[in-house]
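Residue numbers (this note's numbering), protein chains in the order written: chain D, 1 to 113; chain P, 1001 to 1112.
Check each hint, because a few of them may be wrong.
[What the hints assert, rightly or not] Chain D is faced by these chain P residues, among others (derived, beta-carbon under 7 Å): (1) L1044; (2) D1071; (3) F1103; (4) P1105; (5) G1106.
Bear in mind the hints are in silico, worked out from the structure with no lab data behind them.
A virtual CB, placed ideally from N, CA and C, is assigned to each residue, including glycine.
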Amino acid sequence: GNSVTQMEGPVTLSEEAFLTINCTYTATGYPSLFWYVQYPGEGLQLLLKATKADDKGSNKGFEATYRKETTSFHLEKGSVQVSDSAVYFCALRRIQGAQKLVFGQGTRLTINP
Amino acid sequence: SQTIHQWPATLVQPVGSPLSLECTVEGTSNPNLYWYRQAAGRGLQLLFYSVGIGQISSEVPQNLSASRPQDRQFILSSKKLLLSDSGFYLCAWRLPASDTQYFGPGTRLTVL
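Start from the sequences, fold in the hints, and give me the full structure.
In structure tokens, the structure reads:
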């Protein structure tokens, strides 16, 4: 079946630190992959996406590369800010059906000044 | 531009009471619509999706139901709430030709 596994949180870093949040997936075919971010008390916002192998999604200094060989889509940022504190969700779009998203369990990130 | 609204933003209901959460989308036509639930400290679970008026698919058996009376309106309901229905409910929409879902602000439901 289709599934997404994220590194367990919570993750706490200091401002300007390097961030990596691991995400691996299991799927049939070649799903599209997404990172969503949820700020406190809010809904989810699309952060970035990649639709095929070796694609790199990027936004707001965050990057993730679609790695088919390792079935991974790790999220990275070179220098985090306090405003990046949020919960991050990795997701894949199922090929079959009405394009339903399968989410990882989320990783809570806290950045200290 | 497209916008998605959910209301109410927060809701506290007693066990056994009915529920109605509403989601509306503006600025687009014939979207696919989705209801998700996020239980405390957990990920998102897809509850229902709809590809058109009156067309509802359920992902998991549960105490909830969904309806789509109009093209851009999606309603989540229950006749009798359970404690386990507490959570953060998110509505999302997607254009059929796109693979990206856009989420509403959510409704936080507490069942006491």
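Here is what the structure says about each hint:
About 4 Å separates the beta-carbon of P:L1044 from the nearest beta-carbon of chain D, less than 7 Å, and the hint is met. Evaluation of the P:D1071 hint against chain D yields a violated restraint, the C-beta minimum of about 16 Å exceeding 7 Å. Checking P:F1103 against chain D: minimum C-beta separation of about 4 Å stays under 7 Å; hint holds. Using the Cβ-Cβ criterion of 7 Å, the hint placing P:P1105 at the interface with chain D is satisfied: the shortest such distance is roughly 5 Å.
For the restraint placing P:G1106 at the interface with chain D, the shortest Cβ-Cβ distance is roughly 4 Å, inside the 7 Å limit, so the hint holds.
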